[in-house]
Structure formats: C-alpha cells, structure tokens
Amino acid sequence: MPPQSRDTRRFAALNRNDKPMWWLFRNLRNLGRDTEGAAALIFTLAVLIVLGVAAFSVDAARFFAVKSRLSIATEMAAVAAAKNLNFLSESELNTLASETVAATFRRMKLLSFSGAVAASPTVSLAINTTTGNVTVTVDALVPTTMLSFVGFLDDVSLRETVTTRQVMPDAELVMILDSSAEMGTLGKLADLTATAQNFMTLFGSFAFENSGLQFGLVPVGNTLANVAPHSDWVVDGAWPINIPPNVPGTTAWGGDLAEQRWCVDVRTGAAGVTDLTPGTEKFPLILEVSSELDPVTGIPHFSVTTTADCRPDRIMPISNSSAGISAALATLSGHGTTSLGRGMAWGERILSPLWQSLWEIGSTSPVAYNDPITGKIIVLTVGTGNADPGVENILLGDVCSRLKSNGVTIYVVDYLAPTATSTLLSACATTVGHYFRVETASELSDAFFTIAKFITVVRLNG
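Under my numbering, the sequence shown has 237 at position 198, and the numbering climbs by one with no breaks.
Derived by calculation from the structure, the hints in this document are not laboratory data.
Note that the coordinates shown come from a computational prediction; the quantities given were computed from them, not determined experimentally.
Wrong hints could be hidden among the right ones.
What the hints assert, rightly or not - Ranges between beta-carbon positions, derived for each pair:
hint	residue 1	residue 2	range
1	S365	S196	25 to 35 angstroms
2	V335	D437	52 to 62 angstroms
3	N359	F493	37 to 47 angstroms
4	G308	F126	17 to 27 angstroms
5	E129	S372	15 to 25 angstroms
6	D333	K443	49 to 59 angstroms
Beta carbons are placed, not taken as given, at the ideal position from N, Cα and C, and that holds for glycine.
Work out the full structure: start from the sequences and follow the hints.
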C-alpha cells in the first residue's frame, strides 16, 4: 500500500461522530479532485459561509442579550448592596447581591436547541465602609449554540463590574413624636424614643457630600409649645421685666429667664394654623413667675411657676449636630393630651423657609422648599387619638396637604393609633408606601429601619 499523504492522514484522524465540519471538509476535498464538481464546490462553500454567518448572527444576538442582562443585574446588585451597606453585615450583603443577580437570570432562556436556561453567574463583592463604596463584579459563561454546532466556539466569558457609593441624604428631617401622657402610660413612648435614637445613630457613619442629614424634633402633647429661649417671639410687653436684676431679690433659676420652662399659646386666626412668622404676628406668652419674701432677709425670692400644661420638652429646630436632639430624646417624657394638628403646624414652622434664621440667628436653615440639593422630610409617629378631634383632625389634614404641595416627603408610623386617627394618618403620608401600621416595638424599629433605607442615597461611580 502506497504511503498516505499528510492531508489524507489528517482527515482520516477525524472522528465521524465529531462536529459537522468533518463532513464539509471531507466533501470539499473530494470535490476539489473532481473538475466536473466545480459548481458543487462553489455551492458547498456558499453553504458553509451562510451557515457561518447564521451561526455568528444567532450566537451574537444571544451574547449581547446576556451581556445586557448581566449589566442590568450587576448594577441592580451594586445599588442594593450600597443601599444596605450600613444596615447589613458583609455576609448578608454578599447574599443580597448574589440573590439579586440570580433573580435577574433565573428565567432567562438562552434560545438554544435544548431550551437551556442561563446558569447563575458568579458574584464577588468589595466594600469600603469609610468611603461608602461598594463594588460588585459578576462573571458569566455563555455557551454558544450554532457556533458550537459548526465547531467554531463553545463558550464565551463575560464580566461586568459596577461601583456604587452610599452617601447620607442631604435633607432637613423633622421627627414629630406623639409624646402625650397616654403614650407614656402605655409604655409606647419608651419604645419610640429608643427607636428614634437608634434611627439617628444609623446615619452616624455615613459618608456625606454636602450638608448631610440635619434633624429637628417636635414633641407632641397639648396645644402649648415650649419654644424657649425665643422670648422675642411673644406679644410685646408680655415678657416679665420686674425681676432681678431689674428689681431687688433672688431667683430660683440661674442665668437667663428665657432658658427656663415657658410656652406660647395658639395665635388667633390664620396665624394660628399656618407658618406666619412672629414678625407678622407674635405669640401669647404662657409664663408665670411668682415671688415670696425670704423670712430671714426680707428680700423677694422669685421662681417659675408656669402651668403644668406647658411641657418641659422644647421644640428642637434643624441642627447639624444630632447630639442635642439625641439628649432631648433620652429625657422625653409623656405629657399632656394629643394635639397632632398643632404638632404638624410646628413641624411646618421648622421647615418653612419663612423661618430662616429665626430659630438660630445667622443660620441658613430652613432652606427653600425647591432647594436643588437639600430635601425636606417629616417622620410623624402617633400612638393615640386627638383630644380635640373636631379642631385637630382638620388642622392635621390641612397642614399635611400644604407640606406635600411644597414638596415635603411625609413618612407616617402608626403605632396602634385608634381607627379614626389611622385613617387621617394614612391620608397624611406622601403615598401608601410612606405609611406604616405597627403593633409591636419590634415592628416600630423595623419601620424606622425601612425609612432609613428609603432615604439613603446611592450614587453610581464613573
């Protein structure tokens, strides 16, 4: 037998059960020897080209479909992980990112002859709690269909990397808390103050870009409001002047009388239900100072005897420092009856740009309602019903509508409030998704936890 040529040995080595390309090569070789098969050779080459183009077109379409889905899944995973950076452990963040990617691919058909479903990609996560950066890298292997069939290519490797950054929201946030005597008696107030403190603590380690998150506090109980030390807000001539050092005597208080416990009453007319400033109409003063002669020295001794309806807890304006508000929450006590409408009205006065520099001289807070950087948020938490529903319910609805029309986002946490009150609270919230009905301290904590995640900002790097 004559020795075989190199080409003959090469084709003989091909297994007939291998790729269909074997058949094409074998027949091309045979046709090449037959000068009468030139037309058939050209036809076969054309078929080969058409099959290659078709194979490439089919798999290219699948390739780009998977790549697009991979890009979306990676971005979604990175955003989800960044949103929860300060709320979950690293292992929980890894699980969240992997599940987010897997959910995106779970039902993605590969359009192959076998109807295969895309295999779950591999997810890796890198976090930096100091900068707030979260980087998600996803690797996927895409098996080819037609290209594999004709023996060109089996698998294509894809990789997507997205970096996101968690930052503190730039916002003025006022917590309006039901601090009535009933809340204290029921034990709800202790749950609420602890939860509110934890809520503020959540943002302590956040990176921030501008002013960050600034807090304010309105304790709700009675229609009177403790606005100390702003004695210049009261009706002219109402503030006591016949006290030491203007007259002989001693005082039970140290320092300025304006720093003691005193309140303002509700103004009449439109000023009582809107954000009109004290410069337009001042407030009636609720302050009582009494004196008695010292039996030894015969000198008058002055003390503050303001009515018990004036709560000791002050309204706290927007502040860059959360320490003062956290300290106020630690000592917040149940006092008076519920007046939600008045509480919301004072929340509006804390956020209204008309009151800029009134709460603190020289302050730029509160900013304009349409400020391009700083948003405005109210978190209203209620566990009891209004003592005077005929007045307070209407006022609550009016103030909520006004605030929302000015772009203020209102979250409402309903802590087992009466049914009639719950209806009002649900309507007050910005949307149904901004309203939380809770029944236990654990659910109360979860609601604040969810709100914290809602207002957290995530930026895409690059």
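These are the hints, each one checked on the structure:
no.	hint	in the structure
1	S365 - S196: 25 to 35 angstroms	violated (51 angstroms)
2	V335 - D437: 52 to 62 angstroms	holds (56 angstroms)
3	N359 - F493: 37 to 47 angstroms	violated (22 angstroms)
4	G308 - F126: 17 to 27 angstroms	violated (46 angstroms)
5	E129 - S372: 15 to 25 angstroms	violated (40 angstroms)
6	D333 - K443: 49 to 59 angstroms	holds (56 angstroms)
When held up to the earlier numbered hints, the structure conflicts with 1, 3, 4 and 5 and fits the remainder.
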